[in-house]
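Chains E and R: place on chain A using the hints.
Read top to bottom, the protein sequences are chains A, E and R.
The number in my numbering is simply the position in the first sequence, starting from 1, with 1264 added.
The number in my numbering is simply the position in the second sequence, starting from 1, with 1264 added.
The number in my numbering is simply the position in the third sequence, starting from 1, with 1264 added.
Be aware that one or more of the hints could be misleading.
Put simply, identical chains are the same to the list, so a pair is met inside one copy or across any two.
[What the hints assert, rightly or not] List time: in silico SDA-like cross-link candidates among lysine to any residue, alpha-carbon distance up to 25 angstroms:
no. : residue 1 : residue 2
1   : K1412     : K1455
2   : K1298     : H1271
3   : K1301     : R1270
4   : K1412     : P1386
5   : K1553     : S1377
6   : K1455     : V1511
7   : K1553     : P1386
8   : K1522     : D1418
9   : K1458     : L1420
10  : K1553     : G1351
11  : K1298     : V1384
12  : K1298     : N1446
In case anyone wonders, no lab produced these hints; they're calculated from the structure.
Just so we're clear, the structure is a prediction, and the values are computed from it rather than from any experiment.
This is what each chain is made of:
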Amino acid sequence: MSLSFRHLTSTRQLSRADTDAILKHAYEMEGVVKNPKQDERLKGKVLAALFYEPSTRTRLSFETAMLRLGGSVITADGFQFSSLYKGETIEDTMMMVGQYADIIAMRHPEQGSADRAITVCPVPFINAGDGPGQHPTQALLDLLTIQKERGKIDGLHIAMVGDLRFGRTVHSLTYLLGLFNNLRFTLVSPKELKMPEKVTSFMKEKGMQFEETTDFAAALDCDVAYMTRIQQERFTDRSEYERLKLVYVLRADQLKGKNVTILHPLPRVGEIETDVDALPNAAYFRQAKNGLLMRMAVIDLMVGG
Amino acid sequence: MSLSFRHLTSTRQLSRADTDAILKHAYEMEGVVKNPKQDERLKGKVLAALFYEPSTRTRLSFETAMLRLGGSVITADGFQFSSLYKGETIEDTMMMVGQYADIIAMRHPEQGSADRAITVCPVPFINAGDGPGQHPTQALLDLLTIQKERGKIDGLHIAMVGDLRFGRTVHSLTYLLGLFNNLRFTLVSPKELKMPEKVTSFMKEKGMQFEETTDFAAALDCDVAYMTRIQQERFTDRSEYERLKLVYVLRADQLKGKNVTILHPLPRVGEIETDVDALPNAAYFRQAKNGLLMRMAVIDLMVGG
Amino acid sequence: MSLSFRHLTSTRQLSRADTDAILKHAYEMEGVVKNPKQDERLKGKVLAALFYEPSTRTRLSFETAMLRLGGSVITADGFQFSSLYKGETIEDTMMMVGQYADIIAMRHPEQGSADRAITVCPVPFINAGDGPGQHPTQALLDLLTIQKERGKIDGLHIAMVGDLRFGRTVHSLTYLLGLFNNLRFTLVSPKELKMPEKVTSFMKEKGMQFEETTDFAAALDCDVAYMTRIQQERFTDRSEYERLKLVYVLRADQLKGKNVTILHPLPRVGEIETDVDALPNAAYFRQAKNGLLMRMAVIDLMVGG
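Looking at chain A on its own, in the form it has when it is part of the complex (with noise of 0.2 angstroms):
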């Protein structure tokens, strides 16, 4: 199995082939995650996690899933009490971790500095973030769980609730979906926090079939709801924050004979109570286990064979 590219910064980049990859490649990484022993596929491989914004749970699920694959891992976090922060240029950086390291997954606070990073970096490059812009591997953990808790990713019904706005997650995968065929969505938000226009055009022009709503109830008839955190710092109003943020909280009474699906990206700060946990709806634990699955599948495709 090959992939069209040879650094991932963008869902954008990723054809249907190269998706379909990914996702058969991260089922097989259950086995090796079961028999470690067995398989150290990547030993005398280094993977450097370069997180100039901290982002704990990122920076352990990457480094995770290299050591899982018999790989090893260097890593910096927190850049600002360092001296590689101090000056240096991305690109120079690219250029000096290149020599020691196989691949390179970097999170950074600003939009394009991944684009900036692919533009010299000697070895495979994943963007883990880059501010506002993208974070391929989340939405594809996410596409891998649809597919694993309904069995198939055409045709379903998918609800996104709470920030549409600023949420990096939602449009990440939003792209990503326009690869399926015969979706259809139902965008839940405060009008604050609608889908931003630029990507609902995207939808039209691919012929996603989409309703906007500010209904919270609605999401729940979907195949999947996949829920986000309404952030404080996006509202200048924190009177308005503090209403809008009890709209949209999901508590397992509203389940009660629902098929939906529960996504969210976690961390969540009270959108979701905790006595959903327990119900079969609720795939977010799952979602995290499959973000290690899927980043040892496209760290895998990336630097092995």
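Quick look at chains E and R alone, frame taken from chain A:
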């Protein structure tokens, strides 16, 4: 060998059988350290070291233990700078990291955090210190050191010296020593820093003999003297601190002709002069090595097999 | 092959035989990097990277070196946030970490800290930079780069450019080059940042020819030009800094028809324009790769076998 528990949060949960099994296993770990290429028993397993509160020495000890067993490590240290600390509950963090790792060691500033963690943690969990609460592997390594230095535990005369009021390590160790027989204790501390009633009640209940004194010299006629730091932050009156910190200082000349074994959880900040280091009585650096062996034993028993 | 020393704190301790052995071993490390699965010579060994002062690039280089030899790494970076830094002496930290690890690499802001460390360190120790003091593996990798780029060291004409007064790397390298024969030096710096008398005395004593100049162009007619940063913090007068930092800047057009090899310890902050990077003269990223090979060689010779 199997333990009576899945998660290790406190020395109070340990039975005598558990403790004996762990001590025995710790002795066996010396062979693993000496022949690392022959024994990679935890190859393919991942330890997550989650240090919400930095404690570099404890973290390095846990990490080395896992590495010397052939396993791998993921680490988050100094969570105050990280996304993990922002709003997410300990329970959700356990659910998430438990998808990646095979065992979790957690340090956290709040007492009771370990008990919250194990309500949901999907993999074996070790409390690596929860504020003023418990730190069971520290007590176990102290116990191992006593046994290795004195050849036995039953029947020993043990002095505890310094800050017995706030010193977490002396409390945990006392509870653990409650599993053994015919011990005598000499509790040496300033009046302001006496062993709390909670612990002395436990000792009375278990029939553990003890005397309390302010006289430092009394400690040096015991089999073991467990020294602790007197921490400045415990005092509102700085001059009182300055006076007391000079009272409980061990010098080499005081050990002339003495058979007492000196323990200290480290770091020391003046309680033991460096001229003591070269004496056979000084066991505190061997104690650090025993910490490695003990953590290897605990991790292996909890996750291996 | 065996070295004449147990701990590496300064280039001044290296004999010509040591240096030749290390260079030879560094060449052999390329084979290890290329066939990592066949050669895990340090499997089961642990490197402790103790960076009291953050220096991410040096830390990642040491860590990768150990990992590519098949060993493992424990790390403490940015000790200011950690318990290790609170009150404990360097000596006690060495005694403690020396119970865990097989070799220690330490970076510390205070000159002389490495010399204190080795008075007690129970395992081999590498000075990874002690403030304005020494950083011997940097000088060794510079030497390796010169040899690889020019095919020899004896008889070369070497320019050192920029801040020769405070630049630790040029001092260490000069001492190391004192072991070789028939070298000529051109020392190019602003008057305020001339090579210190301590170093020029050494050169005279060793019979190393040198001339001092402020003329940047002189550097480009040498075999090797070792460029360094001019750091703002060295100047009390900011306008003087602004004037000088523009004087010593290398552009591609200046290298037309020149055979000079350009070295730089990185990071650069403007001393070398990026249009130089594509020229064959530009050796500074290969130099970073040589840093990995050199640290592999040093670690392997010090801890392996």
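Do the hints match the structure? See the list:
In this assembly of identical chains, the alpha carbons of K1412 and K1455 never lie at most 25 angstroms apart, being 32 angstroms within a copy and 64 angstroms across copies at closest. In the homo-oligomer, the alpha carbons of K1298 and H1271 lie at most 25 angstroms apart only across protomers (22 angstroms), although the nearest pairing inside one protomer, at 28 angstroms, exceeds that limit. Proximity of K1301 to R1270 under the C-alpha cut-off of 25 angstroms is restricted to the inter-copy arrangement: shortest distance 24 angstroms between copies versus 29 angstroms within a copy. Taking the closest pair of Cα atoms, K1412 and P1386 come within 25 angstroms of each other only across two copies (21 angstroms); inside a single copy the shortest separation is 35 angstroms, beyond that limit.
Proximity of K1553 and S1377 under a CA criterion of 25 angstroms is satisfied inter-copy only: 24 angstroms between copies versus 28 angstroms inside one chain copy. Within a single copy, K1455 and V1511 get their C-alpha atoms as close as 12 angstroms, which meets the 25 angstroms cut-off; across copies the closest is 57 angstroms, which misses it. Taking CA atoms no more than 25 angstroms apart as the test, K1553 paired with P1386 passes between copies only; the shortest distance there is 12 angstroms, against 30 angstroms inside one copy. For the homomeric pair K1522 and D1418, the shortest alpha-carbon distance inside one copy (20 angstroms) is at most 25 angstroms, but the shortest distance between copies (62 angstroms) is not.
Within a single copy, K1458 and L1420 get their C-alpha atoms as close as 21 angstroms, which meets the 25 angstroms cut-off; across copies the closest is 67 angstroms, which misses it. Proximity of K1553 and G1351 under a CA criterion of 25 angstroms is satisfied inter-copy only: 21 angstroms between copies versus 37 angstroms inside one chain copy. Taking the shortest alpha-carbon separations for K1298 and V1384, only the inter-copy value of 22 angstroms comes in at or below 25 angstroms, while the best intra-copy value is 37 angstroms. Taking the closest pair of Cα atoms, K1298 and N1446 never come within 25 angstroms of each other, the shortest separation being 35 angstroms inside a single copy and 48 angstroms across copies.
Hints 1, 12 from the list above are not met by this structure, while the remaining hints are.
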